[in-house]
Structures are given as structure tokens and as C-alpha cells.
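Taking the hints into account, I'd like the entire structure generated from these sequences.
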Amino acid sequence: MVDPDVCVIVRMYNEAPRVGAVVSGLLQHFAQVVCVDDGSTDASGAIARAAGATVVRHAQNLGGGAALETGFEYVRRHTDARWCVTFDADGQHRAEDALAMVQHARSSGVDVVLASRFSGTAHDMPWTRRATLRCGTAFTRWTTRLNVSDAHNGLRVFSRSALDRVSLTHAGMAYASEITAAIRRHRLTWAEVPVTILYDDYSLAKGQSSLNAVNIIFDLTMARLRATS
Amino acid sequence: MIIKIILISGILVIGLLALREKVSGASLAVRRLGGAAIIVVGTVLILWPGITSRAAEIVGVGRGTDLLFYGCVLFFMFTSIAQSQRLHRLEQRLVALTREIALLENHEQRTDAPELPAARDAS
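Same order as they appear, the protein sequences are chains H and S. In terms of the numbering used here, the first sequence opens at residue 84 and continues consecutively. In terms of the numbering used here, the second sequence opens at residue 111 and continues consecutively.
These are computed hints drawn from the structure, not numbers from a lab. Beta carbons are placed, not taken as given, at the ideal position from N, Cα and C, and that holds for glycine. There could be a bad hint or two in this list.
[What the hints assert, rightly or not] In silico contact screen, one side only, chain S against chain H (beta carbon under 10 Å); selected entries:
(1) Asp176
(2) Gln193
(3) Ser194
(4) His198
(5) Glu201
(6) Gln202
(7) Leu213
(8) His217
(9) Asp222
[Stated by the list, open to error] Which chain S residues stay away from chain H? Per the calculated CB distances, all over 10 Å, these:
(10) Ile121
(11) Val123
(12) Gly125
(13) Leu126
(14) Ala139
(15) Ser163
(16) Ile168
(17) Gly170
(18) Arg173
Structure (C-alpha cells):
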């Protein structure tokens, strides 16, 4: 059973070893998978296309937030999808979880569904990762005053109307906080669904360094100070 | 004195370069006025260095050189911030441009090859 109302966005940067399996796994449940190739130098684009995804390629690496917004823009312009799922290319998410989140959005009618690994299960998560994510979530809750339990999970579901209201301006990884802030600013309704995250050596190596939290906080602070943006 | 000739010609060249730069509207006016002020004040200070010492005494700094140094630090920080804001705007334009190219490129591919599975074009 393939859901025709959903477009899945997978942003990828040099994910050739994993993205093929991720795309074919998603296509078993969803009609449309769009991979945003953020300037990969490996065969990610070709592999994703061969697996059946639509590929949108950045001519150069811009960062996670910029890639996600490109995916959003694709959905806004070129599809009539009612929901848009964002999914990581490294294989840490499960397509079944995405399906459950879409079903939740469909039945409850909320604008945004967030995945939570803390109310769900996270297999083999190192304690440093857990601690950083806890701190990051505490920071996001404090700055955006939104009571989320896992602010930095790449698995999310947006309704079409949410997509029309939210646009991401942070090119880098600070976009996660930007999404949470946008939920509050636009008074979007939201829900959290517990999910399972599959950690392994590959996804941990591809994931962000915990030190990158410093950069994210700096970016967010600068954005608040900047008059333009 | 030779140093005065060197400094004044330097300040004139820098001032002219700053004035020539193409910026738009109000920020251009501010920049031009600032540039002109720097040329005039700089020239005066080079010709009569005693003025800086007296100004330093008035505002409570020991020596004229120190006053100039503090002024330079402030000026440097100001230009750094202005540059970082400009860079940020430029970055955003780069992101928008790259995104536009990516979507256009994808659109072309889809119109060339309509058998692609995800080619449900609503536009």
C-alpha cells in the first residue's frame, strides 16, 4: 500500500553507501521520494535516481537547512502532496515510523508531527550523543518555549499548510531550532510520536560532531543580533 | 617631512578607492561622507600632529598615539561587523541562486524524461 498524498524529502551529502536502500525502503510506503543532493562528490545522486527517487542537485554544498528548504520548495512548486516527510539518508530512521507519523497527522489533523527518540527507543546511542541532544533540546525548549522532547530529530512530517507558512533561512544545522521556533511563531499545531533510531558506526560517523552544538548556538545568537536576515 | 607626504598620498589613494566602490543609495551616501571626513581629518592630523595630543588630553587619554590607536580599533571592529553582515547577505543570495538552479535543472530533466516515477507536476 503506497501513500499517494505524501512526498518524502531526503537530504543527502555523500551518502552513496546508504541512500539506495533508504530510497527503496521509502518507496514501499510512499509514492514520491525527492532526494536533495547537497553537492555530493560521490555517486549519491545516481544511486538515488536508480533507486527511483527524484533528485534535485545543489551545484555546491550549502548545508542541511538549505537542502531541506530546497526540498520544501520542490514540494510547494512541483507536487500536490498533502504531507511532506523529512527523512535522513544515513539509514537511522525507519520508514514504518514515518508511516505511523503520517497516519497520526492524517487522523489528528495537526500541522507538524515530530519524532522523539527519547519517548521511543534509540538503539546503541552513545552517552555523549545523548547528553548533547538533551542539552540541545533543553536549549531549544528554553529559547522557543515549545515543550518538545527531541528537537533535533531529522524525521518530521509537515502538512501542506505548514509548509506554506514555514520557510528556513538558516543554511546550516541551526535549522532544527528554526523549525521549532516557526511552529510557535505561526501557532502551528503539533504532536510528537515515539520512534526508533538505529544507531550504527556509519550513522554515527556521518552524524554531526557534538562540538557542532557550539556553532549552532553561535549561528542562532548571530541571527538574533542581525538586523537583516 | 617625508613621512607626511607618504601618509597623505596613502590616505588619498585609500579614500579614492573607497569612494569609487559601487554601493547603492543611503549607504553609499554615508560611505562617501565618511570617506571624505577621513581624508580631511587624516590630512589635518598628519600636517599638525599636535592636535591629536591635545584631543587626547581633553578626553582623558595619555598620548595622541593612544587615542589614534583606540580609534583604529573601533573603526576596525565597525568594518568587521559591516563586512560580516554583507557576507551573510551574499551567502543568502548564493543559497537562493543555487536552489533556483537545482530546481530548474530538475524541471528540465523531468520534462525531457516524463517516464520518471515522481513526475507528478502540479504546475
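Numbered hints the structure breaks, given as an ascending list: Those not satisfied are hints 1, 2 and 9.
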